[in-house]
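For chain A, the structure is supplied; the task is to place chain B with the ligands on it using the hints.
Taken in order, these protein sequences are the chains called A and B. Per my numbering, residue 1 is the first one in the first sequence, and the count goes up by one each step. Per my numbering, residue 1 is the first one in the second sequence, and the count goes up by one each step.
Worth flagging that the hints you see were computed from the coordinates, not collected in a lab. Note that the structure is a prediction, hence the values are computed from the model and not measured. Careful, some of the hints might be misleading.
Put simply, identical chains are the same to the list, so a pair is met inside one copy or across any two.
Said to hold, decoys possible - Straight-line C-alpha distance at most 30 Å; calculated DSSO-like pairs for lysine-lysine: (1) K120 - K319; (2) K221 - K57; (3) K295 - K312; (4) K295 - K57; (5) K383 - K57; (6) K22 - K57; (7) K366 - K120; (8) K437 - K221; (9) K366 - K383; (10) K57 - K312; (11) K98 - K200; (12) K22 - K200; (13) K237 - K57; (14) K319 - K383; (15) K200 - K383; (16) K437 - K200; (17) K120 - K237; (18) K120 - K22; (19) K221 - K312; (20) K306 - K237; (21) K98 - K57.
2 protein chains.
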Amino acid sequence: MARVLTPRAEDFPRWYQDLIAKAQMADNGPVRGTMVIRPAAYAIWERMQAAMDARIKEAEAQNAYFPLFIPESYLSREAQHVEGFSPELAVVTHAGGKELAEPIVVRPTSETIFGEFMAKWIDSYRDLPLLLNQWANVVRWELRPRTFLRTTEFLWQEGHTAHATEADARDYARRILHSVYEDFMVNLLAIPVVPGRKTKGERFAGATNTMTLEAMMGDGKALQMGTSHELGQNFAKAFDITYTSQAGTVEHAWTTSWGSTTRMIGGLIMVHGDDSGLRLPPLLAPIQAQIMVVKAGEGVTEAAVKLRDELKAAGVRVKLDDRADIPFGRRAVDAELQGIPVRIEVGPRDLAAGNAVVARRIDGTKSPVALADVVTEVTGALKTDQQRLLDSALALRQERTVDVETLGDAIEAAQTGWARVPWSAVGTDGEAEANGKAVTVRCL
Amino acid sequence: MARVLTPRAEDFPRWYQDLIAKAQMADNGPVRGTMVIRPAAYAIWERMQAAMDARIKEAEAQNAYFPLFIPESYLSREAQHVEGFSPELAVVTHAGGKELAEPIVVRPTSETIFGEFMAKWIDSYRDLPLLLNQWANVVRWELRPRTFLRTTEFLWQEGHTAHATEADARDYARRILHSVYEDFMVNLLAIPVVPGRKTKGERFAGATNTMTLEAMMGDGKALQMGTSHELGQNFAKAFDITYTSQAGTVEHAWTTSWGSTTRMIGGLIMVHGDDSGLRLPPLLAPIQAQIMVVKAGEGVTEAAVKLRDELKAAGVRVKLDDRADIPFGRRAVDAELQGIPVRIEVGPRDLAAGNAVVARRIDGTKSPVALADVVTEVTGALKTDQQRLLDSALALRQERTVDVETLGDAIEAAQTGWARVPWSAVGTDGEAEANGKAVTVRCL
Ligand SMILES: [Zn+2]
Ligand SMILES: [Zn+2]
Numbered sequence: 001m002a003r004v005l006t007p008r009a010e011d012f013p014r015w016y017q018d019l020i021a022k023a024q025m026a027d028n029g030p031v032r033g034t035m036v037i038r039p040a041a042y043a044i045w046e047r048m049q050a051a052m053d054a055r056i057k058e059a060e061a062q063n064a065y066f067p068l069f070i071p072e073s074y075l076s077r078e079a080q081h082v083e084g085f086s087p088e089l090a091v092v093t094h095a096g097g098k099e100l101a102e103p104i105v106v107r108p109t110s111e112t113i114f115g116e117f118m119a120k121w122i123d124s125y126r127d128l129p130l131l132l133n134q135w136a137n138v139v140r141w142e143l144r145p146r147t148f149l150r151t152t153e154f155l156w157q158e159g160h161t162a163h164a165t166e167a168d169a170r171d172y173a174r175r176i177l178h179s180v181y182e183d184f185m186v187n188l189l190a191i192p193v194v195p196g197r198k199t200k201g202e203r204f205a206g207a208t209n210t211m212t213l214e215a216m217m218g219d220g221k222a223l224q225m226g227t228s229h230e231l232g233q234n235f236a237k238a239f240d241i242t243y244t245s246q247a248g249t250v251e252h253a254w255t256t257s258w259g260s261t262t263r264m265i266g267g268l269i270m271v272h273g274d275d276s277g278l279r280l281p282p283l284l285a286p287i288q289a290q291i292m293v294v295k296a297g298e299g300v301t302e303a304a305v306k307l308r309d310e311l312k313a314a315g316v317r318v319k320l321d322d323r324a325d326i327p328f329g330r331r332a333v334d335a336e337l338q339g340i341p342v343r344i345e346v347g348p349r350d351l352a353a354g355n356a357v358v359a360r361r362i363d364g365t366k367s368p369v370a371l372a373d374v375v376t377e378v379t380g381a382l383k384t385d386q387q388r389l390l391d392s393a394l395a396l397r398q399e400r401t402v403d404v405e406t407l408g409d410a411i412e413a414a415q416t417g418w419a420r421v422p423w424s425a426v427g428t429d430g431e432a433e434a435n436g437k438a439v440t441v442r443c444l
Numbered sequence: 001m002a003r004v005l006t007p008r009a010e011d012f013p014r015w016y017q018d019l020i021a022k023a024q025m026a027d028n029g030p031v032r033g034t035m036v037i038r039p040a041a042y043a044i045w046e047r048m049q050a051a052m053d054a055r056i057k058e059a060e061a062q063n064a065y066f067p068l069f070i071p072e073s074y075l076s077r078e079a080q081h082v083e084g085f086s087p088e089l090a091v092v093t094h095a096g097g098k099e100l101a102e103p104i105v106v107r108p109t110s111e112t113i114f115g116e117f118m119a120k121w122i123d124s125y126r127d128l129p130l131l132l133n134q135w136a137n138v139v140r141w142e143l144r145p146r147t148f149l150r151t152t153e154f155l156w157q158e159g160h161t162a163h164a165t166e167a168d169a170r171d172y173a174r175r176i177l178h179s180v181y182e183d184f185m186v187n188l189l190a191i192p193v194v195p196g197r198k199t200k201g202e203r204f205a206g207a208t209n210t211m212t213l214e215a216m217m218g219d220g221k222a223l224q225m226g227t228s229h230e231l232g233q234n235f236a237k238a239f240d241i242t243y244t245s246q247a248g249t250v251e252h253a254w255t256t257s258w259g260s261t262t263r264m265i266g267g268l269i270m271v272h273g274d275d276s277g278l279r280l281p282p283l284l285a286p287i288q289a290q291i292m293v294v295k296a297g298e299g300v301t302e303a304a305v306k307l308r309d310e311l312k313a314a315g316v317r318v319k320l321d322d323r324a325d326i327p328f329g330r331r332a333v334d335a336e337l338q339g340i341p342v343r344i345e346v347g348p349r350d351l352a353a354g355n356a357v358v359a360r361r362i363d364g365t366k367s368p369v370a371l372a373d374v375v376t377e378v379t380g381a382l383k384t385d386q387q388r389l390l391d392s393a394l395a396l397r398q399e400r401t402v403d404v405e406t407l408g409d410a411i412e413a414a415q416t417g418w419a420r421v422p423w424s425a426v427g428t429d430g431e432a433e434a435n436g437k438a439v440t441v442r443c444l
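Isolated chain A (complex conformation) (with noise of 0.2 Å):
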């Protein structure tokens, strides 16, 4: 079969930017930066919202939508945040034909916003704990962009919290980033991630503490999937989110943040993919099984929509490809590159055996299986792929990692995968020593 993509193991990267040309998943937009989310990987990303919404609703917290538009004001009211944003600011200055008194600013996140709101909805104790979320667009300036990974918009959920005590506020922090994040990257995106705590100078600008998820790439780097941070009062403070306790007093709150956004697509395929294609674990994939017509024959689309119908019913999701005038193996092509675990073809010659073949993406395993036993041995490949790729990715994970004892052979080991060392032997100077030379401290 021709070469579809650039190989891995000869560019990592160019590899990733091809399988997202040649999968139809994204193009670039017109403006610097932001991307068009092309069907194939904008169903992707319908999954993983019903999958991570469904788990934000059981922590408990409620969606509400809030401005695109923030004044530009309210960023500067913490100072940490306004630094760290300020770079990467959009602006509007003219609007209605008219040009504005004040500049407004593209949300390149919500703090201050649903902390302006915040502290008019809380009045006592009663009303905390406050628990919000929203599925959003927010925009910060990228001048490196690659698709999915840094956008200059990308889509994603923020969450914002306001609690009656630090404690309280942890706990939350951190019931998101286990309950809600890695229970769904690991069970559903088969990622096997880390959760650590960043370094002072990797945290979120305004936070007291940002815990994250790393995951292992194919190539051996490391990709935050999600973060969850402690604000503190900082907030609370800028904003005056005050409210009456139980005993009378009245104090400020105590606030988190939580985000995970498009870049999990790009995850996704950084782990799961190979040289044919994305690898979909069967638990997300929009398609898990494709019923493709080889070609016309007596019986063949007959035998294929009854296959249909049973997956269905099976409650397989499941699409009939019956295109016979496009040739089989550009289909098959495509249908690896975009990553369908399952492929059943039906085609006149195994169809007099009584046969279709389950080609299987995630192992490569092709066989014929009689027509009666498919909907058992899909239903089963499901299951099994599932479990495979996570296990192979933390396979990877593990054999990529070594425990080394100084920086040094840190940043030795970091050329290839991820070192684990001693916090004692990098500390604040170890870690600026290392990012000079293109290393970063991930988690602890």
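Coordinates of chain B with the ligands only, in the frame set by chain A:
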């Protein structure tokens, strides 16, 4: 009971704003005309989205996501389009700490950017029709904002499709109008919309035909609930959306666009609301039944929990309100404000008689029901009251619509409702005259 809202008969616009504030549906945002959609209203929007999205997928359109930021030059390519939208644009002139070479427009709608990419993606007649939709926020600078109805930023879905022939584009624009919008509005929102065409003066900027669904509000005025446009070849020519036909010739495609917005939440309030608050159609309601512990007492909570579990098992979206420390009267007023279709009140006295009280928001009835009959009673009420809301909206519309023969009579009738008048008696001059008297020709 104390008066909660300004009565509709006294001041309908004020009643509307009161309801939105008291039911905690939305707040005004800090930037002119923006709004914060609070959880009570956002939950309604989520249910609207889910029901619409299923119908859009049924109509074979695929979801995608296009950038918020559009180069200013794109809008100028279609002459009527730029003329229509220029006065409402918000413009980004600075980003990443620098002044931009070309100003960026925050999308007021996305025909232009969809057009640009459709031109790239379409080669041959085999690529048609191309049926896309996106859920997104858009910005149109609003000088006279009204929550949900006219806001500077709003949420919506916008569909964009390209077809090989004018007839196919026309059929699809009609299909969306009827099988997505009208079906959703009548059967879920219980709003008897009237489909029709807009006059040339009221058409979407760049369309050759705009179809609309108009609904009558509680004050007899009309609200546009959704529109579907035929764009002819205007955008195909401006963005060079061409395809190679089966005969081998290169042809311009025919495009459509169609949208519905968070304005539907405003319509819902104004059609079904009464002087006690919102009344939600049961099929739409995020919470269909609320079980309320009237006050603490022997076995009360246990009985309430049991009813909750039984209703849940029967497929009812149910919530338990056991906040016995908050006065029951206040909680009941809140439930009425929010429009929850059924309340089930569980208190010691009724419980001693083996009953709960079922209060129906839509017809205002309240009666004791044996515990064993509650599930049947509630599921029956939800079905009956969905129809009841539709019937009463229909009755109002019929009562307030008169058939007239002259423009003068039409203008007079429009003071209290709608007038149906032959277009031959109006014409373009008559339309201008009516507009001068604050009367609009809504649909043909
Ligand atoms: Zn304060
Ligand atoms: Zn052209």
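Worksheet item: Which hint numbers does the structure go against, in order from smallest to largest?
Response: Violated hints: 2, 7, 12, 15, 19, 20 and 21; rest satisfied.
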